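Chemist: With the hints as constraints, model all of the structure from the sequences given.
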Amino acid sequence: MERAALEDQLRSLQVESTAKIGAAASLAELEELGTALLGKRGALTDLLRGIGGLAAGDRPAIGALANEVRAALESALHDRRAVAGAAELSARIARESEDATTPGPLPALGSLHPIPETISAIAQIMGSFGFTVAEGQEIEDDVTNFQLLNIPEDHPSRDLWDTLYLREPGRLLRTHTSPGQIRTMREVAPPIRVILPGRCFRYEAVDASHGFEFHQVEGLLVDRGATLADLKGILDELARGLFGPEARTRFRPGYYPFTEPSVAVDVTWGGSKDGWMTILGAGMVHPIVLENGGIDPETHQGFAFGLGVERIAMLRHGIPDLRALLENDLRLLRGGR
Amino acid sequence: MKVPLSWLREFVDVQLTPEQLADALTLRGLEVRGLERWGSAWEKMVVGELLEVGPHPRADRLQLTKVRVGRDLVLEVVCGARNIAAGQRVPVALVGARMPDGRVIERAEKMGVASEGMLCSGAELDATDDGDGILILDQQAPLGAPLAGYLGEDVIDVDVKPNRGDLLSILGLAREVAAINGASVGYRRRAVEESAEGIADDLSLEVDDAVLAPRVVLRAVDGVTVGAAPDSVQMRLKAAGLRSVSNVVDATNYIMLELGKPTHAFDRASIGSKVHIRLAQPGETLETLDHVSRTLDGSDLVVADERGALALAGVMGGASSEVGSATKRVVIESAVFAPTSVRRTAQRHSLRSEASHRFERGQELDLAPVAADQVAALLCAWAGGRVRAGFLDSDPTATGARRDLSFRPAHVRALLGVDIPDETQAALLGSIGIGCGKASAAASVQVTRARAVNVESVGLLVATIPAWRRDIEFEVDLAEEVARLYGYDQIAPTLPGRDLPGFRHQPTALRDLLRSQLAALGMSEAVTHALVSQAMGDRHAEPVGLVGGRLAEREGAAHSVQLLVANPLSLDHDRMRRSLLPSLLDRADANIRYGAGSGALFEVGRGYGRDGAGPREWTRLALIAWGEIGAASPGETPRAWSLDEMKRVVSLLSSTAGASPRYAPLADGDSALLHPGRAARIGGEGIAGLVGELHPGAPEWRDAPRMILAEFALEGLTAGVPQVRQLELPPATPPVQRDVALAASDDVAVGDLVALAREMVTLAVRVELFDLFSGPGMGVGERSVGLRFTFQPAQATSLDDAIEDELAAFATRAGERYGTRVRGTESA
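Read top to bottom, the protein sequences are chains A and B. Quick note: the first sequence uses the working numbering, first residue 1, plus one each step. Quick note: the second sequence uses the working numbering, first residue 1, plus one each step.
Since the hints were made in silico from the structure, they are not lab data. None of these values were measured; they are calculated from a predicted model. We treat Cβ as the ideally placed atom computed from N, Cα and C, and that holds for glycine. Some hints could be false.
Calculated Cβ distances over 12 Å to all of chain A for the following chain B residues [stated by the list, open to error]:
1) G87
2) R107
3) E197
4) D231
5) G308
6) E423
Here are some of the chain A residues that sit facing chain B, going by a computed Cβ distance under 7 Å [unchecked claim]:
7) G127
8) V133
9) R167
10) E213
11) A226
12) F251
13) N328
14) R334
Stretch-level coverage of chain B by chain A, calculated; a stretch enters the list once three of its residues show a Cβ under 8 Å from a Cβ in chain A [to be verified]:
15) 331-345
16) 438-450
17) 466-478
18) 482-496
19) 508-518
20) 566-573
Modeler: Quick look at the structure:
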């Protein structure tokens, strides 16, 4: 074949093919065209088979031209692919579009109950001061629930705790978490830092702020130098942990047979409507109680506090009536969700 | 204790406003529960002056008055009372005033004459008991002044703690006020003039047991006229919350409030010649003042005469010797009784009185003659009595001596964590009458009843405790006084930083994680009563020896016995629950009734029972769910709670807790709450319980939504931390799966086949049920159970033979034990 004829063929292949590429509408078509023109058995390769019949001197020029054609076609294919690709992507996007602004189906909404949740919150706050949880027994005996806590039989202070008794002789439902102080001191050597959360029982009529079953969290620290000032410090932190950095406390003398001095603690904070609210009782562990716990009151001293979980939960969650906490209405538990 | 402030001011110069006083007392530990203005309800009532009192033109029983209620305001008021005269000052209720009984005063025509208000009796004002006559006011009463301002009283209500019986008196509170403002306390004892006759002329006193009655004092008053106490006294008692009875009884109550010392007045004519303080004869009867006839116990202390019991000592008087309108002579008994004895008697007879309340908290020996004397003085003033000469006194030597108590001011500082110098401590104690001096010699410091330490004089102060502070026994009691008087607000908070216990995991960590997972799964935590009714308590008990797991063994027999409350508040809560399920079911049912078509509740709580060793408590997780799980998209079918969905929850929790649940068929009697055909026992390592659909016979059952229940013990629920899992590098070879399809009779439990597979195919890392069907291709009463075993060989083909051996052995054993045959096997 002559060089000129081959050159013509190559040029017309370029012209025709460029037109075809320009007319191709899809990536698939371009893919096909690419193979048909530039593949191993494509048109260009086909034409170049004729190169063998040329004079040796003509070959470089034809080779250069063939490369030029190949480059031009590849470039045309590339450009056309970009255009077709973008069009296909738009088409896909248009095809697959939906209204993504629908609210989406709700998951099953669960929740944690304010009472155990408040206990967890207290455990977490106190945990940062090295207090760990110990849960005592709810069925107690008179000795541990009262006598070892310096509440003798026939003492008028017994009037502070109206008690539910079991038919089992000597057994009662604990009226407070304080017997846990005795049990802890007898089991663990100082230094002691524990909180004792749990259910308590009283012979008490139910109203908006009282129930015959309720929860308390007891705190107990015994070491070689605990002071009333330390108790104030710890309870300040607890109050802030529970009611926010705005919370302020007021400490005033209280009375519990098992602490001396005894403290009543009031709290107020930004969100509180009613001024000072009493949230807990506390004090330095009475030497008699330390002694009953097997700890020498001359070498160790400690403090204890007890708070009513329901009251704190009500204040934190804005629940006005204690009875709602045991109603377990999902509308309340889920927070209206 | 309610204290009218005018009364308190008779004892001490208060100086503070009522609000300041309330705050100051509260900050010193005398919590003021309330501050009220007694009489504040007397709105539109004023002090009036009667200008004219004349006959009513048409009604004999009425009088026509002109009463001035302001400088230029004179009203015409019709009045029915007879005790009025011109010139008197009287309370006038103006038109629009609302009386304490709710009646509103209107302009009214009374027998043809317009009445522009009402003159009020003490009873109409709820101020005294006199309903017959108009309450005649003092001549100095300011004309036109609002009655609430003139007659009203500021009253503080102090919550007196059980250890401070001394504060159940105006005198005691006055001492605390004096400590606040530095004023001094003055109690003006009323002088008594004695007549020629002596009390001992016709009366004697015998006390059997000086421990039960350390001091008894009698005083006699003759010639009394029983009637109403003066208006001002009646109003004062009323403001203090006491009922006015008669001048004699009011006198005893008046002194009780002043001094904290209860006394009792007997009608002299109704008692014999000897007052005998003794224990009751068992079975002896006494009609008390409340007209209840009481059978006495041999340990009740009584005041008796030679004929029988007259009164329950320190608790309540008897009807037979009650002072009445005919009484002319009175014997006043003023005694100190043992607190425990009074408390037991009051409890035994369910008789709590103002007197027993004070006796239980202890009495001051010295006050016995003082109180008798003061009541006698009041009887002279209010009832025209003549006091007989002398006292009968069981033990004039029984006086409340001051006690010395040594303490270490340095120990007080160490306990309080604040540097209060010795002199300041002494001064603070001095302000409430506890004198302090330096110790002259080494002395013993009382730490507890059992413990005293000997201390050199240099580190000691000696406090002298007045008789009324019976509560101060130990060094620490003085520390509290110092702290309280110093002011808790003056103590700067610190944080304890010295002794820290070693690290311990929060034992609730695992429980809290499980609770969070349940909440994330869409379940809401509940807290229900531990005390339940018989119906609820009987309803469900987890069966004894439920599953062979460790958990069940520990709690075994206790499940069957319910714990009963000896003094239940109501039958709805008279026993301890064994299982959480009935309470939770009750709450689920309530929620469905409230309109919750779907929902899920869980509770971590305790069950209670008794075994041979006594009462037991155990912790359980209970779940109940009904309806749909979350919402579906439009057009999508929502997932609904089912036995399998509940098992999915059980599996997730188990995986967190490191337990592996297996399911076994329910046995007869396992539970009346669960659908016998749609329930299973949960067993396996670390978990034991039940799961199933609500029994169709249960009253809460509905065709829709169906309720699915579960309750189980889980290792680590009581105390546990999330497990630290041991992880292995995965081998390069992919896992291998083998599917085995067995044809099994319908009555073969899949749980049993799975359990057998797990037991025998030990090389499998997982055994799953991937297929379960009956029908085409299966015989009648037969189903196909497809089990998928996953193996993780360490090297390619290294396990092939062993796997095939184990699978073959399993198929053979299943065939022998459950009559299954292999339908096919497949490798993947």
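Chemist: Determine for every hint whether it applies to the structure shown.
Modeler: Quick rundown of the hints versus the structure:
1. G87: Given a closest Cβ separation of 49 Å, the condition holds.
2. R107: 42 Å, holds
3. E197: Holds: least Cβ distance 40 Å, greater than 12 Å.
4. D231: 35 Å, holds
5. G308: 27 Å, holds
6. E423: At roughly 20 Å from the nearest Cβ of chain A, B:E423 sits farther out than 12 Å, so the non-interface label holds.
7. G127: Holds - the Cβ of A:G127 comes within 7 Å of chain B, reaching about 6 Å at its closest.
8. V133: 5 Å, holds
9. R167: 5 Å, holds
10. E213: The hint holds - A:E213 has a Cβ within 7 Å of chain B, the shortest such distance being about 6 Å.
11. A226: 6 Å, holds
12. F251: 4 Å, holds
13. N328: 4 Å, holds
14. R334: Where the cut-off is 7 Å and the nearest Cβ of chain B is about 6 Å from A:R334, the hint holds.
15. 331-345: holds (count 4)
16. 438-450: Held - the stretch 438-450 of chain B has 4 residues with a Cβ nearer than 8 Å to chain A, which meets the minimum of three.
17. 466-478: holds (count 3)
18. 482-496: Satisfied; 10 residues make the cut.
19. 508-518: holds (count 5)
20. 566-573: Since 5 is at least three, the answer is holds.
Comparing the model with each numbered hint stated earlier shows that all of them hold.
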